[in-house]
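Now for the letters of each chain:
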Amino acid sequence: MSRTLTYRDALREALREALVGDSRVFLMGEDVGRYGGTYAVSKGLLEEFGPERIRDTPLSELAFTGAGIGAALGGLRPIVEVMTVNFSLLALDQIVNTAAAYRHMSGGQFSIPLVIRMATGAGRQVAAQHSHSLEGWYAGIPGIKVLAPASIEDARHMLAPALADPDPVLIFEHVGLYNMEGELPEPCVVDIRSAKVRREGKDATIVTYGGSLAKALQAAESLAAQGIAAEVIDLRVLRPLDDATIMASVRKCRRAVIVDEGWRSVSLAAEVAARIVEQAFYELDAPVARVCSAEVPIPYAKHMEEAALPQVDKIVTAVKGLFG
Amino acid sequence: MIEFKLPSLGADMETGTLLQWLVKPGDVVKKGQVVAVVDTSKAAVDVEAWQEGTVAELLVMPVKKIPVGTVLATLLEPGEAPGSARPAPGPAAAPAPLAEPAAPSEAAARASRRMVSPAARKHAQEHGIDIDSLTGTGPHGALTLEDVERAARQEAVAKPPVALGDKTAEMRRAIAAAMARSKREIPHYYVAETIPMGKVLAWLAQENMKRSMTDRLLPAVLLLKAVAVALVRFPELNGLLGDDGFHAAPKAHIGVAISLRQGGLIAPALLDVGAKPLSQLMRELTDLVKRCRAGSLRSSEMSEPTITVTNLGDQGTAEVFGVIYPPQVALVGFGRIMERPWAESGGLKVVPATTASLSADHRVSDGHRGALFLIELREVLQRPEELDR
Numbered sequence: 001m002s003r004t005l006t007y008r009d010a011l012r013e014a015l016r017e018a019l020v021g022d023s024r025v026f027l028m029g030e031d032v033g034r035y036g037g038t039y040a041v042s043k044g045l046l047e048e049f050g051p052e053r054i055r056d057t058p059l060s061e062l063a064f065t066g067a068g069i070g071a072a073l074g075g076l077r078p079i080v081e082v083m084t085v086n087f088s089l090l091a092l093d094q095i096v097n098t099a100a101a102y103r104h105m106s107g108g109q110f111s112i113p114l115v116i117r118m119a120t121g122a123g124r125q126v127a128a129q130h131s132h133s134l135e136g137w138y139a140g141i142p143g144i145k146v147l148a149p150a151s152i153e154d155a156r157h158m159l160a161p162a163l164a165d166p167d168p169v170l171i172f173e174h175v176g177l178y179n180m181e182g183e184l185p186e187p188c189v190v191d192i193r194s195a196k197v198r199r200e201g202k203d204a205t206i207v208t209y210g211g212s213l214a215k216a217l218q219a220a221e222s223l224a225a226q227g228i229a230a231e232v233i234d235l236r237v238l239r240p241l242d243d244a245t246i247m248a249s250v251r252k253c254r255r256a257v258i259v260d261e262g263w264r265s266v267s268l269a270a271e272v273a274a275r276i277v278e279q280a281f282y283e284l285d286a287p288v289a290r291v292c293s294a295e296v297p298i299p300y301a302k303h304m305e306e307a308a309l310p311q312v313d314k315i316v317t318a319v320k321g322l323f324g
Numbered sequence: 325m326i327e328f329k330l331p332s333l334g335a336d337m338e339t340g341t342l343l344q345w346l347v348k349p350g351d352v353v354k355k356g357q358v359v360a361v362v363d364t365s366k367a368a369v370d371v372e373a374w375q376e377g378t379v380a381e382l383l384v385m386p387v388k389k390i391p392v393g394t395v396l397a398t399l400l401e402p403g404e405a406p407g408s409a410r411p412a413p414g415p416a417a418a419p420a421p422l423a424e425p426a427a428p429s430e431a432a433a434r435a436s437r438r439m440v441s442p443a444a445r446k447h448a449q450e451h452g453i454d455i456d457s458l459t460g461t462g463p464h465g466a467l468t469l470e471d472v473e474r475a476a477r478q479e480a481v482a483k484p485p486v487a488l489g490d491k492t493a494e495m496r497r498a499i500a501a502a503m504a505r506s507k508r509e510i511p512h513y514y515v516a517e518t519i520p521m522g523k524v525l526a527w528l529a530q531e532n533m534k535r536s537m538t539d540r541l542l543p544a545v546l547l548l549k550a551v552a553v554a555l556v557r558f559p560e561l562n563g564l565l566g567d568d569g570f571h572a573a574p575k576a577h578i579g580v581a582i583s584l585r586q587g588g589l590i591a592p593a594l595l596d597v598g599a600k601p602l603s604q605l606m607r608e609l610t611d612l613v614k615r616c617r618a619g620s621l622r623s624s625e626m627s628e629p630t631i632t633v634t635n636l637g638d639q640g641t642a643e644v645f646g647v648i649y650p651p652q653v654a655l656v657g658f659g660r661i662m663e664r665p666w667a668e669s670g671g672l673k674v675v676p677a678t679t680a681s682l683s684a685d686h687r688v689s690d691g692h693r694g695a696l697f698l699i700e701l702r703e704v705l706q707r708p709e710e711l712d713r
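Chains as they are written, first to last, in the numbering used here: chain E, 1 to 324; chain L, 325 to 713.
Hints are computed from structural coordinates only; laboratory data are not their basis.
One should not assume that every hint holds.
Calculated cross-link-like contacts (lysine-lysine; reagent style BS3-like; alpha-carbon spacing at most 30 angstroms) [claimed, not checked]:
id: 1; chain 1: L; residue 1: 446; chain 2: L; residue 2: 523
id: 2; chain 1: L; residue 1: 348; chain 2: L; residue 2: 446
id: 3; chain 1: L; residue 1: 388; chain 2: L; residue 2: 355
id: 4; chain 1: L; residue 1: 446; chain 2: E; residue 2: 252
id: 5; chain 1: L; residue 1: 446; chain 2: E; residue 2: 320
id: 6; chain 1: L; residue 1: 389; chain 2: E; residue 2: 252
id: 7; chain 1: L; residue 1: 600; chain 2: L; residue 2: 575
id: 8; chain 1: E; residue 1: 314; chain 2: E; residue 2: 196
id: 9; chain 1: L; residue 1: 354; chain 2: L; residue 2: 575
id: 10; chain 1: L; residue 1: 446; chain 2: E; residue 2: 202
id: 11; chain 1: L; residue 1: 329; chain 2: L; residue 2: 575
id: 12; chain 1: E; residue 1: 196; chain 2: L; residue 2: 389
id: 13; chain 1: L; residue 1: 600; chain 2: E; residue 2: 252
Using the sequences and the hints given, assemble the complete structure.
What follows is the structure in structure tokens.
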């Protein structure tokens, strides 16, 4: 059985399920209540669950993220929504110095079962303060888990295990995915530990996540027509990385391209490339390649924004470059 | 720290293929112990350690083709602790001029180093494929796993006939290279002397009467021993000529030219011939010929000759003038022992005799000394009983 719904609807269903199922769960963030969420994810929830559990907050990421940490310490299960990852930098102190560190600093006495959702990525012409992909930065911080749902099923089902996790979990929702419509298989169980092969192949591995997954799959389709069977891996979990799935694919295909909407330098793609070289060097038939965003603040103009981002043709070119 | 390098197992050897290690890290090795098997273009050769020590690290893994002089392994000297400093660099060279470092151009890197993908290199090593002979189809012409796999499949199909042909052809090429180098670089001079062999043969007949069938001596052994004895007074004929000049050898390690049934020849050494009794030399010669033809020689036998003797034996011609095997500086040839008319004291008689020739390097010795050596050799062979010491 399966049914069709949008990524946004899948996220809302997941929130609703959590609010219904556990009275400790509440949602807070900028415009999540009366406005229904900047990306309309929480539309209708205020009416159903009331202002105690769907809380509009002042424009201070530091304050409401800190409040979420306090609530988690106090026994609640807060879901904090940050409008975009760009704004989350204002809450970086709370996330890195408090949420990620408390279990360690308290000798295991305190844990912070906090879920922080945020939008990430470009493609909607909202320019340099709303379009960056900084999830790779968070993927380097010990003490938290970082998720990147790129499919309808992950949008629908990653929240429950994230809430069940005793430590902070960050969920990055790519802005280009909210309107994506797709089939949701039912019943459906997902984990927040593993990467997933989204398309099988044998000639080259394309490792990607989030908003770039659809582009990678399109590139694989185009490559198939040219005789190259690309395998596409959706990382899903950016921290901790599922090395086993990546390496199994690289060992099979012997070539790897990493597609990451983050900036190239010191990116998540750089980390994946380093791990491939560390763990599968002798299986490689070509240098590891990366398709990342241009190292510029993401431009407003549509053609320039498109030029700055990983695109299907760039992925195809990168994969073909691994062959003679 | 001792660096164990791939020795030259003959002047014509530029590379060898490491086939097998017979030691592992932590093993204590003695000088002369066989530690590895290396395929030269001529034979699979047991390679010996030159110094005593404990194996620290094996740096090259079979099956791999490497140039002569490549460090194959490191050994700890007796008493040396593991992890101690690497060998100090050699004498300080003049400080290099501080040249502007060239920008590392990708094209230059490609030109200087063959591009072989890690997967291809690993597969080639595991299957003993020579990557130098393959053409790459990967990015920028890099050799890929698929290229190696294709070669492996072709080799598997074509192996039996090609392998034999290859080996013979390879040896032919190796001999050609060494001999061409010899004739190109070495100004040979030749002298010859007919040597009566009556006394030797009579002594041998008598000696062999006393011996069991298997212990009997062949004339070749006395000839080898006589050469070693005669060389004592002619050090300029026994040794190696390197870039830094001629080094006379304190002992006579005689390379014995042995022809192989499939064609080609090898000239492995009988070590320190002058110091060994005839019985022992006979045993060693028999063993050497047998192992030579079986293809199981030891490295020192291949690399240590300080002079070569070629003996055409029963089926040869009356005389032979050989080509010196570099970096040696002399070669002694013996023709067939046969009856010849011999004029002596105004009379004529028939005696068994052989013609001994000397090909020698004029850069190191002169014809006069070469002639005196052959005279000495003739005289030594008139006192065969003194050879068995």
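Now for the hints, and whether the structure bears them out:
1. Our distance criterion of 30 angstroms between C-alpha atoms is broken by residue 446(L) and residue 523(L), whose separation comes to about 63 angstroms.
2. The hinted pair formed by residue 348(L) and residue 446(L) meets the criterion: a straight-line CA distance of about 20 angstroms does not exceed 30 angstroms.
3. For the given pair, residue 388(L) sits about 24 angstroms from residue 355(L) by alpha-carbon distance, which is consistent with the 30 angstroms threshold.
4. Distance hint between residue 446(L) and residue 252(E) is fulfilled; the C-alpha atoms sit about 15 angstroms from each other, no more than 30 angstroms.
5. About 23 angstroms separates the Cα atoms of residue 446(L) and residue 320(E), which keeps this hinted pair within 30 angstroms; it holds.
6. At roughly 28 angstroms between alpha-carbon atoms, residue 389(L) and residue 252(E) fall within 30 angstroms of each other, so this suggested pair holds.
7. Distance check on the hinted pair: residue 600(L) and residue 575(L) sit about 11 angstroms apart at the alpha-carbon level, within 30 angstroms; holds.
8. For the given pair, residue 314(E) sits about 23 angstroms from residue 196(E) by alpha-carbon distance, which is consistent with the 30 angstroms threshold.
9. Annotation: proposed proximity of residue 354(L) to residue 575(L) holds, straight-line Cα distance about 22 angstroms (limit 30 angstroms).
10. Straight-line distance between C-alpha atoms of residue 446(L) and residue 202(E) comes to about 19 angstroms, which keeps the hinted pair within the 30 angstroms bound.
11. Using a Cα cut-off of 30 angstroms, the hinted pair residue 329(L) and residue 575(L) holds, with the two alpha carbons roughly 24 angstroms apart.
12. Between the alpha carbons of residue 196(E) and residue 389(L) the distance comes to roughly 42 angstroms, so the proposed pair goes past 30 angstroms and is violated.
13. Pair hint residue 600(L) plus residue 252(E) does not hold up; C-alpha atoms about 62 angstroms apart against a cutoff of 30 angstroms.
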